Structure formats: C-alpha cells, structure tokens
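Peer 1: Those protein sequences? They're chains E and H, same order as listed. As numbered in my numbering, the first sequence has no gaps in its residue numbers, which increase by one up to the final residue, 306. As numbered in my numbering, the second sequence has no gaps in its residue numbers, which increase by one up to the final residue, 1495.
Hints were generated in silico from the structure; no laboratory data involved. Treat the hints with care, as some may be off.
[To be verified] Just a few of them, taken from the derived set where beta-carbon distance is under 7 Å, the chain E residues facing chain H: (1) Gly19; (2) Gly25; (3) Asn36; (4) Met178; (5) Gly190; (6) Asn191; (7) Glu193; (8) Leu197; (9) Ser198; (10) Gly199; (11) Ser253.
All values reported here derive from a predicted model rather than from experimental measurement. Every residue, glycine too, gets a C-beta built ideally from N, C-alpha and C.
Next come the chains, spelled out residue by residue.
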Amino acid sequence: MKRIMEFFRRNPALGGLIGLYIFLGFLSDRFLILSNQVNILRQVSTQAIIAFGMTIVIISGGIDLSVGSVFAFSAVVGASILKQGEVLLGILVAMGIGALFGSANGLLVAKGKMQPFIATLATMAIARSFTLVYTNGMPITGFPRAFGYIGRGEILGIPVPVIIMLVVLITMWYLLRMTKIGLYSYSIGGNEEATRLSGIRVDIYKIIFYTISGILSAVSAIILMARLNSAQPIFGLGYELDAIAAVVLGGASLSGGTGGIIGTFFGALLMGVINNGLNLLDVSPFYQQAVKGIVILLAVLLEKKE
Amino acid sequence: MRVTFLLMEGITKTFPGVLALDSVTFEMEKGEVCALVGENGAGKSTLIKILSGVHRPDRGKIFLEGKERDFRSPIDAIRAGVAVIYQELSLAENLPVYANVFLGKEPWKFGINHSYLEERTKLILEELGFDIDPKIEVGKLNVSEKQLVAIAKALAYDAKIIVMDEPTATLTEYEVERLFEIIKRLKKRGVSVVFISHRLDEIFEVADKVVILRDGKKVGEGKLEDFSRDDIINLMVGRKIEDMYPKYNSPEDDVAFRVKNFEVPGYVSKLSFEVRKGEIFGVAGLVGCGKSELALGLFGAMKSRFDEMMIFGRKIGKLKSPIDALRNGLVLIPEERKKHGLVLGMSVVENIALPNVDKVSNPMYLSWRKTTNLAESAVRKFNIKTPSVRQLVKNLSGGNQQKVVIGKYIFREPDVIILAEPTRGIDVGAKVEVYRMMNDLANLGKAILFISSELPEIVSLSDRVMVLHRGKMTALLHGDQITQENILKAATGVM
Ligand SMILES: Nc1ncnc2c1ncn2[C@@H]1O[C@H](COP(=O)(O)OP(=O)(O)OP(=O)(O)O)[C@@H](O)[C@H]1O
Ligand SMILES: [Mg+2]
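Based on the provided sequences and hints, a complete structural model is requested.
Peer 2: Shown next, in the form of structure tokens:
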C-alpha cells in the first residue's frame, strides 16, 4: 500500500488519469470507445511533442516560454514555402526556424548568462512579432495534398500525428535515459557547478537542450498545419503554459533535476482527457481552464505531501 | 525522584535498505557537553535529526525535562528548546546578521523594528564575546563567523540544548579554540551541548561524556576520564588501527608538475613551485590564505594567470575551464563537496559517471552496465556505505559522500591530483584509507598536491610543505623542517 501511494506521489499525472478514466467511463458511454480514445491521442499529440522538448529544458533547470511563438513563426514561414508546392523544403525550413530560435535561446542563457525566464520571454515576444509581420496578420492556406497526410493520414488505423508523437516520445526517452546528454540534463539541473567541475561543457549542452525544444515546437507546428491545411499567425498562443503544466504534472520540479518523458506524456494526456471529458459532458468551454488549474494544483499538492 | 534532563529511549530508525539506528538510548544532563562519535554512517546525524524533529523515529520515545515529547517537525523541537547547528549552515545569506538571528521570531507589532532587533542581537553577540557587526550581510562573513551567528540565533530562541554536527570541520585551529570557549560559556549558562566530531583531540578537550555509535548501535558510553583515545577508536571501528598516518611513498627526481608565477587575481600572487613524481606536496595555511583558491585556480575553475605550467613535460597553454585541466591529466577533489563535488539529487552511480562518461559512453549510447561496474568498484575500493549504487547521494552520510567525490575523479587516472581537505568529515578508518590511497597513487608516479588545514596530517604525510600567508608563499619546508611549529609560524607571517 505504501509503495502504491509512493508511486502515485511520484507520478501525479498517472493517478489523476486513472481517476478520470473511472469517473468519465461511468459518466459518459462515449468516453471509453476506441474512436474517442484515438481522438484524444490525436488531439494530445501536438501538445505532447512541445511538452517533450520542454521536459529536457526544465530538467536542466531552465524554462522555455518561447515555444508557442516559435511554433507560430516556424509554421507561417514553412507555410509560405509549402504553398509553392515545396513540401520537403517547407518542412525543413520550419524545423530550421525552430532550431534557430532554440539555439538563440540557448546562447542567451548559456553564453549571455541571462535568466531563462527572461531570455525566452524576450524571444517569445520577438517570434510572435515576426509572425505577425511576416503574415501581415493573415492566415496562409492551401498546401499540397501530400502534406495533409502528416496531419490527417492513418497507418493501420493509427493517425500519423500519433505515430510521430510516439516516435518523438521514444527518441526523447532514449535521449534522457540512455545517453550522456540526458545524464547531463539531470546533473546540470541538480548542480550546475558540480557538473562544470566534472569537466562537462555545460554551455554547449544547454544550447542543445533549448535547440531540441525549438525543433520540437516546429515539428508540432508542422502537424497542426497539415491537419488544418493552414497556418495562422495566432497559432500556439498559450501553448507554453500547457507544456509547462504537462511537464510539472509529469513529476518534474521547476527548480530542475527531476522529471521524465513518460511522466510528461501522462501529464499531456491528462490535460487532453480533461478537455475531451468536458466536451463529452457538454460543460461550457469557459470552465475548461478552471478545471485544468484545479487539477494542476491538486497534482502538485499531492506530490509535495510526504 | 531525579529526572534525566534529556532522555531518548530505544530509538530505532530505518531508511529503505538501511537500519540507521537500532534501539539507541541517549541521555544527557543539564549543562553537560556530550560528544557523539562513530564512523561515517554510524547514525550520529540521524540521531540528532530525530531529536530535532527532522525525522520521526520508527520506535522509541523522547523525554525532555521528564515530559514526553513528540516532535513532528523542526518547529516543535525549536519551540521546546532544541537548536541544531547543522553540518551545512542554513542561514539567509542575503540578510544582515540581526535579521538572521531573529528570523521567524521578529516581534510582529507594527512592522519590524530594525534598530531594536539590532540592539538585541548586539547584546547576545557581546555576551558571547563575539565581535560581529549586527548590520553586516551574512553572505560577507566567513564560515566561522557564520557559525557564531547560528549559535547566537539558537540563543535568541532560548535554546536549552544546542546540537553541533561537525562544527569544527571547516574551522581553523584558532577558531576552534574560540568555539570551545563559547561552548564553555554555554555550559555555564546551563545549556546542554551535543557535539559531533571526527577529531578525537577536540572531544577530549571539550566534552564531559562520550557516546559511541557503530552501525546504528550504541557500543559505548561514559565519562571521558574513563576512556583513552584508543578505547574510543577501537569501539568506533571495531578493530585496532595500528598506524594513523601511514607513509610509504618514495618521491623520484623527475619533476611532474611545475608552475611559474601562478596567480589567482585577488587571492594568490605569483607562486612558483614544482612537484616531483611520486611526491606528496603539502599546502598549508590559515583559512583565507588562498589555498582553496589556489586549488580552484589550478583546476581552471577560477580565473588565473601564469607564465608557465607543465605537466609531465607537456606545456599547458590555456586553462580556461576544468575541461582543460582534466584533458591534461590534472584533477581536483574539491573541498566543498555539496557545492562543487556532488549532484545531491542524483544517485551514486550517476555522480560517479559524470567525469567518466567517455569511458562508458559514446555520443549516442551510455552503457549503464559499465557505469554500474565502475561505481561498484568505487564502492568496494573506498568502502562506501550504501545499500546500492542506485541510492541518492543526498541519503548518504557526510563522510560517505566525501568518498563518492574521491571515487568519481580517481577513475580518470590523472597524473596530477589536487586533494583539497580530502579528510574533512570522514572517520578515522576512512582517513587512513585516504592516506593509503595517496601513498599508492604517489607510488604509481603521480604528483599529489595535498591541501589541508589539519596540521597533523600535513606534517605526517608530506614530503615537502608549502605554507601560504595572504596568498604568498612564506615557507617551503622539507625533511626535519616540517613541524607544526614551523608551519604555524609561516602561516601567521612570522617567519
Ligand atoms: N534520508 C535518508 N534516506 C536513506 N538513508 C539515509 C538517510 N539519512 C541517512 N541515511 C543512512 O543512514 C545511515 C546513518 O547516516 P547518518 O547520516 O546518521 O551517519 P553519520 O553517523 O552522521 O555519518 P557521518 O559521520 O558520515 O556524517 C547511513 O547509512 C545513511 O546512508
Ligand atoms: Mg553526519
């Protein structure tokens, strides 16, 4: 029993999820059916991918507020190329933009010695502004058919976005658990100075972490664009908060050194299930944020309590 | 009926995989100074953490002045008059002394009356004979002064029992004397003091009684008069230690390490010295003499300037970060283990992996099997007490943490090894192990820089001793010149 309690304390999101599944399973006969479950996964995939990038940044003791704006900017620039029929180039450019902003964040934090909160707050504003200037505030629509497959296609009944999310999940899990990059993200978050004195190039690794976060924002943006067949300048508003929430629900601490990809996945899933459940139960969307907020508070309280 | 002032009865405490205390009974009278001794991991800190409400015992009771107490949190213990001065001081560095002394105890009416708190703090400090400005920021004080502030803070809370967990580990000889004066004064005021230390001399100097723990059990207790040094050591380690300071290295003639005009701006000025292969080169000096900064500077962790640096014939051009030092075969076993040596929230195996990643990993794959083997061999070699290498370092006892720091750097097979206060906080048995390791490394032809504030070990182990005073070399002693007296003279700038 003690073991079980301890497990849920470490994985607050999983506890919440199980609770919600039981609750919603009783309240709505549509909730547990397969198509709805697949639907939840598809909706969650874009959020989760961003949150995976956020995870490595938060574990290393940082934070990336720019993910939502980078999401939007990489989308609109990629979209302008996609519109001309260049699918591969469009995707690469979008990811390039993500990488560029990510590494800029990393440089500001690692070399410029700026606090991550401030540095990424600034790039968040800059990227959003670039997005508006680039699009003149107008959406970009009409992409090649083939591109739409990324957002709407299916393989063996599994939506392509879900497959991409799973690939990113496994890759990031491997990176965090089975490579030195992962080890360093935990050690930098735990004690940056001791890591430096162990002969590790802390600066370079920080840049890598933020770059990963930027690239994954772009990957997520590509999926959403493909699904909606358009890129909007208001894309990604508030995504940074959802991503941070997912990471924290997944058991990470904002002071760094703890957290994990699987936890984050459950965190993102929890938020997705809340959205889905509230929809099924016909609750006004106005309540959604409040419910999310309460769940976050409960989860973190549970985690804190020893 | 007379009641025991403090009685902790049948205290048992387990952590996952560890029986830290096994029905230990601990008692103490008012105004008594009781020394608590034992090897690393014996359970000393755990016992006082139970007394101070940090941990709750699995079994056992605490009676203070005859009343049973149940300390559910440190606040309960503080209210009851138990104050602890921890191995690591916990003060708010950014606040002035008086605010720290009265932290959490500010008289609340109409906001905080700063000048009143200042006055009260000044009184407490004066009464104890401390000369510290109550308005100065705590961050600006040195370790010894911070400790005095912590003591003043305890008194502001009307502490009846003050527990000091290895208070002297970071103090100079003079500061230790001063601390003992203060302990005697506390005694006169009727305050009971629990004193934990790995230095037996100190215990004989200051304590009335001694309690000896081994592997979580009480193995001895009594008035100090009834014990000899060797009795205590034997009880602590459960065997005899023949030679406290083994020395069997033989320096060669070749120079292994040389610096010319090495400077750490603001701390160390123009030092030139060489260390031979197989030599243990001692560096001594008072706190603040620059020896800590010299260590960090040589390792590239602090900015330095130099005309020449040479390791085994290789010239070192730039020294911008520890990476440059490590690449050239120079390691530092840092003195502040929690700040510089360890990631406390990570496991033993992860900490040991950090500087050795190249051995166990390529860019795409980190072999946990190899890392675990490495860590397990360190655990065996240094006799690190831990249920498994997966244990978080923060759950190890202080001395075992120190062993992890030594372990993690030794696998780099360095040519030049700087050990900064390597025996701080470790028990007699482990000290002897560290000394042996230094000899063994020297006999492999390595150059050892041995920085320490403990004169007996410097004197006994070093082939030569460089003494620093205000960042300058005031003596370079060898052979018969190496005596405590000579070192002290040079360290105070008399020579
Ligand atoms: N929070 C914890 N979780 C798990 N194990 C712990 C925890 N705290 C202490 N231990 C274990 O309990 C034992 C006793 O530790 P303790 O810190 O009391 O030793 P100590 O006598 O103070 O040693 P030292 O001289 O090294 O400071 C050790 O084996 C230690 O690893
Ligand atoms: Mg201890």
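Peer 1: Flag every earlier hint the structure violates by its number, smallest first.
Peer 2: 1, 2, 3 and 11
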